[in-house]
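There are 2 protein chains.
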Amino acid sequence: MTKNKQVNAAIIIIGNEILSGRTKDTNTNSIALWLNSIAVKVQEVRVIPDIQEIIVNTVKDLKKKNDYVFTSGGIGPTHDDITAESISKAFDLKYEIHKNAFKILEEYYKPGEFNEGRQKMAWMPSQAKLIENPTSGAPGFIVENVFCLPGVPSILKSMLGGLKNEISGGQPILSYTINLRTVESEIAKSLTNIQKKNKGVEIGSYPFFKAGKVGVSIVLRSEDKNKITACNKEILQLVDEKKIQLINQVN
Amino acid sequence: MTKNKQVNAAIIIIGNEILSGRTKDTNTNSIALWLNSIAVKVQEVRVIPDIQEIIVNTVKDLKKKNDYVFTSGGIGPTHDDITAESISKAFDLKYEIHKNAFKILEEYYKPGEFNEGRQKMAWMPSQAKLIENPTSGAPGFIVENVFCLPGVPSILKSMLGGLKNEISGGQPILSYTINLRTVESEIAKSLTNIQKKNKGVEIGSYPFFKAGKVGVSIVLRSEDKNKITACNKEILQLVDEKKIQLINQVN
Chain A
0 MTKNKQVNAA IIIIGNEILS GRTKDTNTNS IALWLNSIAV KVQEVRVIPD
50 IQEIIVNTVK DLKKKNDYVF TSGGIGPTHD DITAESISKA FDLKYEIHKN
100 AFKILEEYYK PGEFNEGRQK MAWMPSQAKL IENPTSGAPG FIVENVFCLP
150 GVPSILKSML GGLKNEISGG QPILSYTINL RTVESEIAKS LTNIQKKNKG
200 VEIGSYPFFK AGKVGVSIVL RSEDKNKITA CNKEILQLVD EKKIQLINQV
250 N
Chain B
0 MTKNKQVNAA IIIIGNEILS GRTKDTNTNS IALWLNSIAV KVQEVRVIPD
50 IQEIIVNTVK DLKKKNDYVF TSGGIGPTHD DITAESISKA FDLKYEIHKN
100 AFKILEEYYK PGEFNEGRQK MAWMPSQAKL IENPTSGAPG FIVENVFCLP
150 GVPSILKSML GGLKNEISGG QPILSYTINL RTVESEIAKS LTNIQKKNKG
200 VEIGSYPFFK AGKVGVSIVL RSEDKNKITA CNKEILQLVD EKKIQLINQV
250 N
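As they're listed, the protein sequences go chains A and B. With numbering that gives the first Met the number 0 applied, the first sequence has no gaps in its numbers, which climb one by one up to 250 at the end. With numbering that gives the first Met the number 0 applied, the second sequence has no gaps in its numbers, which climb one by one up to 250 at the end.
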């Protein structure tokens, strides 16, 4: 992949516990922040239940549409962990014991503790490439452009760093934030005009409430630093004209 | 809708700021918990960017597949707030000033403060039904089975309660949690067998780490209380046989 191309990814969060509200998903944010830092743009996130047919269809759909797909959840030892088997089906691969994963797990556990439940974590799509797990032994895995990670947030986070060499990002997406003491409606019309004149910059407007005071964060995102600089100049001019208090600017 | 039917919903989170990782989504969890409490099952969540074509297609797709669809985000006063216009397109309705929304907003703001930016929040699909906003004036809206809510978490939460009469839930989904001082692999095989014998109960297994100690929450979910009781009995028997410490049971 060349550095001029935009590189896209999708995230699939697998788990009934997120859909029922029992568990608050934080893995989307961890993966999104990390991908953003290596210049990969997340296009879409889906949260889906532990149902094989749905996992298979969602993976098949999103792996075609994106450069990379990340899944989180469903690779543990219990009956409701069906991601590895589903990924095998999605790629039409055998679901079998991965010799190297088996070896890693066998060495990780004390003699006699590598029981049937734990052995299940060595079952993967054939030819899967392992993702090292520095926290709890059980590896994740990669099949073509699909990266399968666990659902436990701390373990997932510990595994992302090791993936840097597996992924080629695109042109880095630069971001610049201008925090203003105002309300959105005060600047909405002018911001619309500035957006129209600055097509190469994505201008986001996000109200916030902090320490009892309201404000708006204007976020400029682009692959081109000059375009951000030009757009920022217009916004600072607007701030000046409207006599709005500028809280700060953050790179 | 009768009380015997399962009632399904999908959630669409609209916003580039979630996909870039800038903002952590908590609205999925708020909506999911609330729907769960009124016996509506969330089947799917999608996080999508502020792009009209994608919003239109996602809404069209999910409104057919689900009894209810909830959107969050994109109904504010700025140029990147394009949900109302997109919903109009998805339903082939005019995008126009909603007289009642205009009146509510006009009364909410002080004289002279109801500017063009704020007036934008009265633009909606024609014939939209308003959702009252007890926090900040600007109403959400309903078109057929699609409910459009704002992205600011505190405002979204304040609006959910008022929707109870708009939604008919199904058979309540009962849930029972058994917290054990064990690890998943210890009980995985037995749990698989119990799941096979208890088809009417969805058994979830979730490892946790709390105050330096590991444990597993077994969550039983079913519409039938007797089925949960029978399944729970088998799990307590397993706990007894394996001499696992039972931390507690939570209804």
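Be aware that one or more of the hints could be misleading.
Remember, identical chains collapse to one label, so a pair may be satisfied in a single copy or spanning two.
Computed list of lysine-lysine pairs in DSS-like fashion (alpha-carbon distance at most 27 Å, straight line) [as the list claims (entries may be wrong)]:
1. LYS62 x LYS241
2. LYS23 x LYS156
3. LYS64 x LYS88
4. LYS4 x LYS93
5. LYS241 x LYS156
6. LYS64 x LYS198
Because the hints were derived from the structure by calculation, they are not lab data. Computed from a predicted model, the values in this text were never measured in an experiment.
Next item on the list: Classify it for me, LYS23 with LYS156: is the Cα-Cα distance of at most 27 Å met within a copy, between copies, both or neither?
Entry: both (16 Å within a copy, 15 Å between copies)
Next item on the list: Measure nothing new, just compare the shortest in-copy and cross-copy C-alpha distances for LYS62 and LYS241 to 27 Å and report within, between, both or neither.
Entry: neither (47 Å within a copy, 42 Å between copies)
Check: Should LYS4 paired with LYS93 be assigned to within, between, both, or neither, using CA atoms and 27 Å as the limit?
Finding: This pair counts as neither: shortest intra-copy Cα distance 34 Å, inter-copy 38 Å.
Note to self: I want to check one pair: LYS241 and LYS156. Are their C-alpha atoms no more than 27 Å apart within a copy, between two copies, both, or neither?
What the structure shows: neither (43 Å within a copy, 33 Å between copies)
Margin query: Within a copy, between copies, both or neither: which one fits LYS64 and LYS88 at a CA-CA cutoff of 27 Å?
Written below: both (18 Å within a copy, 24 Å between copies)
Margin query: Cα distance capped at 27 Å. Does LYS64 pair with LYS198 within a copy, between copies, both, or neither?
Written below: Intra 25 Å, inter 35 Å, cutoff 27 Å: intra-copy only.
Hint compliance for this structure: hints 1, 4 and 5 are broken, all remaining hints hold.
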